[in-house]
Amino acid sequence: MKLREYEAKNVLKAAGIPVPTGVLIRSADDLVPHLDMLGNAFVLKAQVDVGGRGKAGGILMADKATGAKLAQELFGRSIKGLPVNEILAEQRLDIRHEYYLSITIDRSSRRPLILFTEAGGIEIEVTAQEHPELIRKVVANPLMRDLPPFLIRELIGTAPKEIGPVINKLYRIFIEKDALLAEINPLVATPTRIVAADAKIIVDDNALGRQGITVNRDLSEREREAEKHGFSYVELDGAIGVIGNGAGLTMATLDLIEHYGGKAANFLDVGGGAENERVMHAVRLVASVPAVKVIVVNLLGGITKCDEVAKGIIAAGIPQKVIVRLAGTNEAEGRRLLTEKGYEMLDTMDLVVKKAVEVTA
Amino acid sequence: MIYGDKKTGILVQGATGKQGEFHIGLMNAYARQVGGRGVVAGVTPGKAGQTVHDVPVYNTVKDAMKEHDIGASVIFVPAGAAADAIMEEASAGIETIVCITEHIPVQDTMKALAYAEMEGASVIGPNCPGFLSPGELKLGIMPSNLFLHGNVGVISRSGTLTYEVVDELTRAGIGQSTVVGIGGDPVIGQTFVDVLERFEHDSQTKAVVLIGEVGGNLEEEGAKATDLPIVSYIAGISAPPDKRMGHAGAIVEGGEGDARSKIARLKKRGVPVAARVSEIPEMVRNLFRNYC
Chain A
1 MKLREYEAKN VLKAAGIPVP TGVLIRSADD LVPHLDMLGN AFVLKAQVDV
51 GGRGKAGGIL MADKATGAKL AQELFGRSIK GLPVNEILAE QRLDIRHEYY
101 LSITIDRSSR RPLILFTEAG GIEIEVTAQE HPELIRKVVA NPLMRDLPPF
151 LIRELIGTAP KEIGPVINKL YRIFIEKDAL LAEINPLVAT PTRIVAADAK
201 IIVDDNALGR QGITVNRDLS EREREAEKHG FSYVELDGAI GVIGNGAGLT
251 MATLDLIEHY GGKAANFLDV GGGAENERVM HAVRLVASVP AVKVIVVNLL
301 GGITKCDEVA KGIIAAGIPQ KVIVRLAGTN EAEGRRLLTE KGYEMLDTMD
351 LVVKKAVEVT A
Chain B
1 MIYGDKKTGI LVQGATGKQG EFHIGLMNAY ARQVGGRGVV AGVTPGKAGQ
51 TVHDVPVYNT VKDAMKEHDI GASVIFVPAG AAADAIMEEA SAGIETIVCI
101 TEHIPVQDTM KALAYAEMEG ASVIGPNCPG FLSPGELKLG IMPSNLFLHG
151 NVGVISRSGT LTYEVVDELT RAGIGQSTVV GIGGDPVIGQ TFVDVLERFE
201 HDSQTKAVVL IGEVGGNLEE EGAKATDLPI VSYIAGISAP PDKRMGHAGA
251 IVEGGEGDAR SKIARLKKRG VPVAARVSEI PEMVRNLFRN YC
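One line per chain: the protein sequences are A and B, in this order. Going by our numbering, the first residue of the first sequence is number 1, and it counts up by one from there. Going by our numbering, the first residue of the second sequence is number 1, and it counts up by one from there.
Misleading hints may appear alongside valid ones.
Stated by the list, open to error - Heads up, simulated EDC-like pairs for lysine to aspartate or glutamate below, C-alpha to C-alpha not over 20 Å straight-line:
no., chain 1, residue 1, chain 2, residue 2
1, A, Lys-2, B, Glu-253
2, A, Lys-321, A, Glu-358
3, A, Lys-305, B, Glu-21
What the hints assert, rightly or not - Where chain B lies over chain A, by a calculated footprint (3+ residues, C-beta under 8 Å):
no., stretch
4, 57-63
5, 107-119
6, 148-159
7, 196-209
8, 231-238
9, 247-258
For the record, the hints were derived by calculation from the structure and aren't laboratory data. C-beta: ideal position from N, C-alpha, C; glycine also.
Please model the entire structure based on the sequences and the hints provided.
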């Protein structure tokens, strides 16, 4: 789950990384008592869970005279369709230089990967493409709590030495907060200090519990409902509902829908042990999406009992068309049960998908 | 055989749990069928002296190692205990460790894998179905009835999609040497590169089917590292960016690891990529016609 900017900055601050002086407000009135603290020039940053908010009008430059009015205006905006409920108001920085610092997971070495460049700022992606040689990379040993000083020296090169402790502190955050990504961009040099002007932290969904995060904000309400049943569920915008077992097989089913020219309404992986009740909940969940016209059930497993799955589909008792492909134990009995109730069962995933695409064409 | 054969003795951690018990039964049924040793010991802390399907249970891996000749293990313990289980086995000297457990925090996996590497152990997974060498050895949860002994190696990041491919191959009369599910997490022990290296040294394996997914670039790295003829399939061409498609590793981040560019890079290396799973058997036949 992605932390909001102010949450990420609170994490940085607690770890001793300097962040701009600022305050989180939930209404324009909240701003008034803080105007003296914010000084003459400050920034209003909408705290919405989308990328590219600057270009979408989510960041405004303000001063003492215009602050309250601009905050009012920003609260009234919607940024890429999302309402603005929180604004981070921060002192503007006297920026002399922008650096980029991030720690992520390197799949290839299976270790934390630390990136640093003296060419930071919003054009970092262009820099990475056109001048990869400007980005210094080191891989850390995850069994160590701190980065050895030589790795930090390799990273910072001729940049100010004060950046060294920031790198190590961010590394500790990365490990202790179960981050998949910890990024400071830009890391700013002002005439007097080094400051994290923006921060991004993504927490591993598998570690939310031990990080004390109870609600995964990255999920929609229906996605959260699915999570309670142990399903992996992603909403898409087509008309063909999809239920599969196993992430790979379910993805392949979606791909096949696209291949035959259809559009999937969702991704739903029922996970292991696809018995009666789980299947029933899965079918009902997908059927509750208004756009769904037909549901493809594609289940395969040496140990999945097809008669159990068939009972689950029948128990869901939903009006939309359900087309089934099942392979596993008791296949014949599953087919008998479904056929008896008028459901369609086909032999291969190509066949079920083609049929579903035909129905929705 | 790339990770063991009939003579490999297996240890199961989490032996007395529901999953552990169920799959010890299935692994030993397969061992009996092929004349292998199967699961010889189980481990669950505090349950020493019990048996599961006649397999003796010990408190620690070291206790089990004292009594049995063990070459490989399968882990079924819950996510919070799985990294520790990997480290315990590596430290006890087990060479091949299969970790079935899913939802392990990545930071734990990174530590456990770094530790296992130090101890010289190979870890398959986590969040994987294990592997099966038809006629020799099954380590994990793959449904053995779908498999056929033969010359094609299969490496995959998923479970049921692997079974789908194996089923297609078997129906087409194309047997498999070893089928490895390397796992759906972003950080895994044995990657495509490692398994392909083993297939290169395996005289039985003549061609490889590589089943990848969106996320990362390990499929391309694998294809780069081998001379074996390969057919590939990449799942997730319709996956939207920044959405996690079930597997924690199946996520397109910042434009990296999307299916189309992955497929393009594989094709550039001369690897044929199937658009549909059902095309794979015919493509493998073509490989045999052209290369083998």
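Query raised in the report: Which of the numbered hints above does this structure break?
Result: Going through the list in order, the structure violates hints 4 and 6 and respects the others.
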